[in-house]
Amino acid sequence: MSKVIWKAGLPAFLFFFGVLGAASAQDLIISELMAVNNGTIEDEDGNTPDWLELFNAGDSAQNLSGYFLSDDPLVPEKWRFPSVSIAPGGFLLIFASDKDRRDANSELHTNFKLSSSGEFLGLFAPDGETVVDQISPFPELIAGFSYGISQNARQIGLVGSEVPARALVPTNGNLGMTWMEPGFDDSGWLSGQTGVGYDRNATYRGLINLDVEDQMRNENLACFIRIPFSLEDGVSVSGLLLRMKYDDGFIAFINGQRIAAGNAPDGNGSWNTGATSLHDDGEAVEFEDFTVAGGANFLREGENVLSILGLNDNLGSSDFVILPELVGFDAGELNRDEMLYFPQPTPGSANLPGVSGITLPPEVAPASGVISGNTQMVITSESPTAVIRYTTNGSPPTSNSTRYSGPVTISSSSRIRTRVFEPDGSVSPTVSRSYIMLASNVRNFRSTIPVVVIDSFGGGGVPSGSFEEAFMAIYEPIDGRTSFASEATLASRIGIKTRGSSTGGRDKVSYGLEFWDENNEDTDFSPLGMPEESDWILYGAYNFDRAHLRNPLIYELSRQCGRWAARTRFCEVYFNTGSGTLSSSHYRGIYSFMEKIKRGTDRVDITELSSGHTSEPEISGGYMLKIDRSDPGDRGFSAAGRSIRWVDPKEDDVPSAQATWIRNYFNSFSSALNGANFRDPVRGYAPYVDKASWVDHHILNVLAKNVDALRLSTYFYKDRNGPIEFGPIWDFDRSMNSTDGRDDNPTTWNGTGDGTDFFNYPWWGRLFDDPDFMQLYRDRWHEFRQGSLSNTNIR
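Residue numbers (this note's numbering): 3 to 797.
Everything labelled a hint here was simulated from the structure, so no lab data went into it. If you're wondering where the values come from, they're calculated on a predicted model, not measured in any experiment.
Straight-line C-alpha distance at most 16 angstroms; calculated EDC-like pairs for lysine to aspartate or glutamate:
{"id": "1", "residue 1": "Lys115", "residue 2": "Asp74"}
{"id": "2", "residue 1": "Lys600", "residue 2": "Glu610"}
{"id": "3", "residue 1": "Lys652", "residue 2": "Asp636"}
{"id": "4", "residue 1": "Lys598", "residue 2": "Asp524"}
{"id": "5", "residue 1": "Lys598", "residue 2": "Glu534"}
{"id": "6", "residue 1": "Lys693", "residue 2": "Asp772"}
{"id": "7", "residue 1": "Lys652", "residue 2": "Asp47"}
{"id": "8", "residue 1": "Lys101", "residue 2": "Glu610"}
{"id": "9", "residue 1": "Lys598", "residue 2": "Asp526"}
{"id": "10", "residue 1": "Lys600", "residue 2": "Asp537"}
{"id": "11", "residue 1": "Lys115", "residue 2": "Asp100"}
{"id": "12", "residue 1": "Lys499", "residue 2": "Asp283"}
{"id": "13", "residue 1": "Lys499", "residue 2": "Glu285"}
{"id": "14", "residue 1": "Lys628", "residue 2": "Asp650"}
{"id": "15", "residue 1": "Lys600", "residue 2": "Asp526"}
{"id": "16", "residue 1": "Lys598", "residue 2": "Asp650"}
{"id": "17", "residue 1": "Lys510", "residue 2": "Glu574"}
{"id": "18", "residue 1": "Lys499", "residue 2": "Glu470"}
{"id": "19", "residue 1": "Lys652", "residue 2": "Glu610"}
{"id": "20", "residue 1": "Lys598", "residue 2": "Asp537"}
{"id": "21", "residue 1": "Lys652", "residue 2": "Asp633"}
{"id": "22", "residue 1": "Lys628", "residue 2": "Asp721"}
{"id": "23", "residue 1": "Lys693", "residue 2": "Asp781"}
{"id": "24", "residue 1": "Lys693", "residue 2": "Asp682"}
{"id": "25", "residue 1": "Lys499", "residue 2": "Glu516"}
{"id": "26", "residue 1": "Lys652", "residue 2": "Glu285"}
{"id": "27", "residue 1": "Lys80", "residue 2": "Asp129"}
Label-pair ranges, simulated between beta-carbon atoms:
{"id": "28", "residue 1": "Arg508", "residue 2": "Val77", "range": "58 to 68 angstroms"}
{"id": "29", "residue 1": "Asn669", "residue 2": "Lys600", "range": "22 to 32 angstroms"}
{"id": "30", "residue 1": "Gly304", "residue 2": "Thr411", "range": "47 to 57 angstroms"}
We put the beta carbon where it would ideally sit given N, CA and C, even for glycine.
Let's have the full structure, built from the sequences with the hints guiding it.
Written out as structure tokens, the structure is:
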């Protein structure tokens, strides 16, 4: 994902580049747009909406106050600009998100979206009639491509990976900011190559070439890093992109001038500054892009230095890593008469070389799935002039990849990616096929339930933090039997990782997975008849639930009681993390393919809360929270006498205003609950809770004698302008006479030993002091026992 950083004093999302042309309103150009943003850039809410970019080709600034954008030529005054200026040779990024935000000091969002099938897009003068620029219409667009004017900019590599660097863990503040200057003498510092850091585990070891553990761990939170680079005479750089892998935070400088930061306080930091929050290990190993507005102005011909103030979260941390790359862009050459498609979109920067069109993707046969012997793969294109190229290692094909000249024999498990290249420069979307070679001992495997086959093509051990690329195929029963002789009902690229808190290290591992498109971005599928989504779980019941029934049963009962719970489907799983054929040794057992708890129309259907929602009524919801062990890198917050964890939005995405608001809300609830007037329908706890959801959640946990109820894996949410609702229920492996031992007496209301004391647990004990709440509990219990929780229904 890309983020945009702007210098203090400059309007948000305003980018500066070379001076071009003369000053006129007609120098304002719609330079680039993207109608299917599949991850090119995120907005402040963490979403990936459509976007468009304006370019000022003149030699003086242009103020857009009163100008309009519209996707309808008959309604030119559809979205009005605030007072924001574009510098000469500058760019302005606007999200076409339908969020309608007009704060000149923050992101701009129109009140419409762009149609991927193509439509009109126009910039109108303040009179509401004069067309300043228009694309009428822009063509149909697909994921991964933007569209705009030809500028033919080029990338200039300034700092790559594994380049010379020096590092110092300071012991005092004597150096001030002098260490960031190009002429500073760093000859006495540690020397090596990027990345810089340490790791007592294995997560970052492949990234670290300059180890600072002895100097940093338990000594200081900050590390000074200097990376020299040169800019050749005559090379013009008009834009910068800083790419960072980091744990936990950083502040970056070019020649002493701050250009970007992550998980860092405002300002330039000091010799002992720490990170403001943790950076998840899974995110830290992926580059995060920071488009730097105005940063090119700090470059000089000859010697330059990229300085990084690396920040850790705590002195005893087991890891720390800083690995930067710095890429420059030149201004290119504007050609207003040529419109192109861009396989590499550049929001906020001059457009790189593009292609004249998007051609149809190639057809590849056979479909992805398992194979039992040598198989002929055939790739075709409808275009007689097409040049088809492909790769066999999972990398995207380029114009230099192997040219397809006839059927290719697939003799082993293989990942094929292919693309069409036309003589006129047009290219097609990439198409992937994955083939898993079956060993003889699994070719005749049969089952009465679906079979899931996963192959990471030599990916090795599955990580717990970041997602690892893999391929998955699902086979379903035909006439009551599943076999590999039929075609897969679903086949997709996926990202996969291990999951689980107390169960994470057991022999039978559970997995989290995402369906991926060709750009490793989430894409929705409907596996095994469940509603479309991108995020799923393969849950492997093990020692506490060898019957595999506890979670599926209680989730089904919850749905019958009117409370959403994860849908599940039984399946058998094969998973090969090696590079050979798939054999019986890769059988992992019976799993539940199930939904992940997530905000969404078909899951937890609450209002989306974005980081821009900082005042009433928007700030009041929706929040998804839980009582549980903390996720890696998260701290949660304390309120109402409990430690509460963030679910949605993620902790790193929560602004302080929202964190304060929800904390105060829970504390107000606690005060009302424990106050003298707690039963009062106005002054008591009632306005803060959805009583029926609390009762239903409690009943389902008591019925199953869930050992961890109310204290672990306990979810609740607060929708906008609504009270706190409990649910969805989750994680019932230790329940219903499991091997845990605290849940084996069905004639009692509470478990044994240190199992949850259901009727006296914090919050709940006070609720049961209210006769009205207790009566509702009795009423709901009686109602459910006549229907969804009756012996007949459960039996």
